[in-house]
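Enquirer: Sequence:
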Amino acid sequence: TESGGVGLELWTKGGGEDGADFGPFDDDETRMFYSDVPDFLTTVPPALLGLTQDDIEKRKAENLVKFGSGFDNVPDDVESDNTDVAASSEEQLDAAEQGEVKESEANGETAEANKDTPHYKLMVLLEQELPECCRREQIDELAEKFCTNHGSSKNSRKRLTQALFLVPRTRLDLLPYHSRMAASLSRVWSDIADTLVTDLEQQFHGQAKYKKNQNIESRLKTARYIGELTKFRLAPPMVAFRCIRRCLDDFTGGNVDVACCVLESCGRYLYRLKHTNEKLTSLIEAMMRIAKAKHLDERSQALINTAFYTVKPPTSGPKKQTKIYPPLEGYLRHLLMVRLQPTESSISFVAKQLIRFPWGDPSKQCGALICRIMLKTCRRGRYKSIQAVASVAAKLRRHKPEVCIR
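For what it's worth, this note's numbering labels the leading residue of the sequence shown as 44, then goes sequentially.
It should be emphasised that the hints constitute simulated quantities derived from the structure, not laboratory data.
Among these hints, one or two may not hold up.
As the list claims (entries may be wrong) - Simulated crosslink set (DSBU-like; lysine-lysine; CA at most 30 angstroms straight-line):
1) K188 <-> K252
2) K443 <-> K427
3) K395 <-> K322
4) K188 <-> K103
5) K395 <-> K407
6) K366 <-> K337
7) K101 <-> K197
As the structure is a computational prediction, the values presented were derived from the model and not from experiment.
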């Protein structure tokens with residue numbers, strides 16, 4: 044952490060090419076969103092967190108090991124290849140969502156009687172304020188509010204985890220902000236992020252058991268959510284790899300969409316990390332081989348190509364060098380190709396400027412230069428500029444007849 048800062052610094056600047064200064068991210072704004080999160084262990088009093096000073100020092104040391112040493116540290120589970128995940132069934136997931144709705148309705152009826160209780164304030168925070176957070180500043184303020192008023196209660200953290208988990212499948216815009224809130228609070232209480240990642244992975248594999256396309260929106264939401272948590276380094280990279288591998292086992296129908304969604308969400312991030320580049324590259328190569336062997340339709344092939352080029356953008360060719368003109372010719376091009384408009388004031392201004400050129404200097408050859416740029420303006424410029432160039436030539440005829448003769 045930097046001295047005097049208000050958040051944990053999860054990135055170490057270093058030299059290099061291909062965006063290495065931003066770590067695995069494409070620009071500085073994206074890096075700040077996913078790496079610089081509030082440090083509530085420093086800004087919130089320990090009494091409000093329900094932690095002792097020893098607990099806070101211990102959490103800070105754990106956070107430094109996990110988040111504060113750049114992106115080169117290899118998580119323990121990246122090297123493991125364990126694919127045993129308890130998969131939740133679709134019926135269990137639906138029942139859990141319905142039970143949560145019924146519970147919230149019952150809580151709402153009882154809370155109307157007393158609106159000053161912490162239970163009611165937490166319900167307002169989770170059901171009204173949380174779905175409206177669509178900016179980084181808003182979600183950070185809400186996370187601090189929860190941390191100050193409700194974070195010390197284990198039941199409140201369970202309710203928050205459930206609210207973060209049950210994102211409507213049509214509100215994909217909330218996923219980055221919910222993930223940021225989980226990342227901020229996980230620096231204080233690790234049970235929030237651990238439970239959220241476990242539930243999402245179980246949901247992903249539970250939904251994958253059913254080959255019906257009716258739940259494709261829910262599957263895409265779960266895949267994108269896991270990708271966001273991966274970029275916040277809450278979900279280990281192996282979670283995303285297991286999800287992709289599960290889709291490659293039956294690479295047809297909705298599995299194509301889901302695998303491409305995971306790659307579009309966190310593929311570029313994992314590709315830029317040293318310890319996950321090799322595994323991700325092998326998975327992408329396997330996906331391209333399977334797609335070629337199965338002869339997928341045009342839509343699926345377009346999704347695969349989009350995901351592939353999102354992870355590995357095509358290298359652009361050498362940039363065309365801008366030609367540098369002499370000062371006189373550059374100013375002449377500016378007058379005729381930029382400033383000149385088909386209006387009387389513009390034509391008069393350009394004509395007066397051309398008359399002021401150093402016509403008496405034989406080395407400048409102003410007449411030949413002006414004629415050449417006028418013809419080039421008519422060939423490459425706008426159609427309306429032809430009339431304007433002709434009007435400028437007519438105004439020059441009285442003072443410099445050589446322009447019209449040429």
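Enquirer: Could you run down the list of hints and mark each one as holding or not?
Expert: Evaluation of the provided hints:
| no. | hint | in the structure |
| --- | --- | --- |
| 1 | K188 <-> K252 | violated (39 angstroms) |
| 2 | K443 <-> K427 | holds (24 angstroms) |
| 3 | K395 <-> K322 | violated (68 angstroms) |
| 4 | K188 <-> K103 | holds (21 angstroms) |
| 5 | K395 <-> K407 | holds (18 angstroms) |
| 6 | K366 <-> K337 | violated (49 angstroms) |
| 7 | K101 <-> K197 | holds (19 angstroms) |
Checked against the numbered hints above, the structure breaks hints 1, 3 and 6 and satisfies the rest.
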